[in-house]
Amino acid sequence: MKKTKFYSAHEKANAKIVDFAGFKMPVQYSSIIAEHLAVRNSVGVFDVSHMGEIFVRGEKALDFVQYITINDASVLVNGKVQYSAMCLEDGGIVDDLLVYKISDKEFMLVVNASNLEKDFAWMQKNNNFGVELSNESDDYSLLAVQGPDSNKTLQKITDKKIDLEYYTFMFAKVAGIDMILSRTGYTGELGYELYFRGNEEDALKLWDAVMEAGKEFNIQPAGLGCRDSLRLEMGFCLYGNDIDETTNPLEAGLGWITKLKKESFIGKEKLLSVKQEGLKRKLVPVISDEKVFPRHGYDITLDGKKIGTVTSGVVSPVIDKAIAMAYIDFPYSSEGTSINFSVRGKEIPARVTKLPFVKK
Amino acid sequence: MNVPAELKYTNDHEWVKVDGDSAYIGITDYAQGELGDIVFIDIVPDLSEIVGGESFGTIEAVKTVSEMFAPISGTVIEINPKLNDEPQLVNSDPYGEGWIIKVVLTEPSQLDALLDSQSYKELLG
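These protein sequence lines map, in sequence, to chains L and B.
Residue numbers for the first sequence follow the numbering used here, beginning at 1 and rising by one.
Residue numbers for the second sequence follow the numbering used here, beginning at 1 and rising by one.
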């Protein structure tokens, strides 16, 4: 198991550590719910250094990114970030990712830790453009500072004014360390992600500076546990739970990033035919007023018949209701449809709703 | 790890506190720590009897769901009413305010088969 460069800070903060995607990662410090609410109400700090950073460099960097991802990267200007995905020829999702345009000749692709090796191999295999592909994941650390007080926290220790639009980034020094400072996150809150190359000393210096700057807002370290409940309240997909190689982006509700008019990209033909034939099932948000905790793998039923499967679920710490994402057979997937969670043989009433579960 | 000396324990990390001919039952400090944030306690509806070794409900925590097995047999006289609104009491005070169920013992001899605090500590290692 690898340790991130923040590891000793987690130990010091009494984190509960789990093995995740090859890393020793903090799953919680005090309590998942308390950390969740800290991010919604003030500010929380996540070590997400396990994420993968792959750089694409060369004359044809844009052509490569256009071919390997499903969103339209040609609309990006320097300093812009885009949510995207890579698909197989058969439309299955290899991974979802963020595309950072640094220049016409340089992009940074941020991928899931659990898929890093697979993704890098997939990119190399499909590099018909002569670009340089560089996996710099071990060099980069990533700290996410998320919550309504995140701007005020970071501004104190940043050498430039932080006035970023959502999904844009800039280069700046935070705590004296060179960063890619990006207004992105996985929580639905105002928030930033800080990418930097540095040793453990730099990481701990940054950690301490952020914790000190956020003290007046009661900043909390936040673990992977609340990262999951926060993203689920927004309905953001989690690879391995909601999407994988057996799901396509159209049924996963990622039609908005699937640019079928784009000239050519891996999976395009298959996705066009999926669209033409119509969806068989759809990933939809489901809510229940009952006392139930929906979990990955639970059946969705109607009149005793299975019509779907829960892919992610939680009791929302903010609205205190059971919320879930589930693939449901298309005829039952429209908003307002009454369905059931099947929990240990019992049918618990629920209904298809709309996103986000928690309004921001 | 808090393991009060006066209680009896099971291998499933439950505790029993004998009070005359009745007993309180809950989960141990270790168990609540492993479960993490408890969201609700789901007791079998209309529960009147528990049978040693059989499930009488589930504990739903953010991370996972866990079945509760009766450490002993008994007639149910009370289910902790506070846990409906404050299930987190099981996290914050597992041996006190976070007790789960109270029964009249129907087979008191079963108590002899439970672990004392020393043996439970050894189980935790």
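To be clear, the hints were calculated from the coordinates, so they are not data collected in a lab.
Positions of the beta carbon are idealized from the N, C-alpha and C atoms, including for glycine.
Any given hint could turn out to be false.
Label pairs and their calculated CB-CB ranges [said to hold, decoys possible]:
#	chain 1	residue 1	chain 2	residue 2	range
1	L	Asp19	B	Gly33	13 to 21 angstroms
2	B	Val44	L	Gly240	27 to 35 angstroms
3	B	Leu124	L	Lys346	42 to 50 angstroms
4	B	Gly33	L	Thr246	50 to 58 angstroms
5	B	Asp116	L	Asp320	55 to 63 angstroms
6	B	Asp116	L	Lys291	29 to 37 angstroms
7	L	Asp320	B	Glu78	33 to 41 angstroms
8	B	Leu123	L	Ser134	45 to 53 angstroms
9	L	Glu216	B	Glu97	53 to 61 angstroms
10	L	Lys270	B	Glu122	15 to 23 angstroms
11	B	Glu54	L	Gly240	33 to 41 angstroms
12	L	Leu260	B	Glu34	45 to 53 angstroms
13	L	Thr246	B	Asp116	31 to 39 angstroms
14	B	Glu54	L	Asp19	27 to 35 angstroms
Requested in this report: Starting from the hint list further up, note which numbers the structure goes against and sort them upward.
Outcome: 3, 4, 5, 7, 9, 10 and 13
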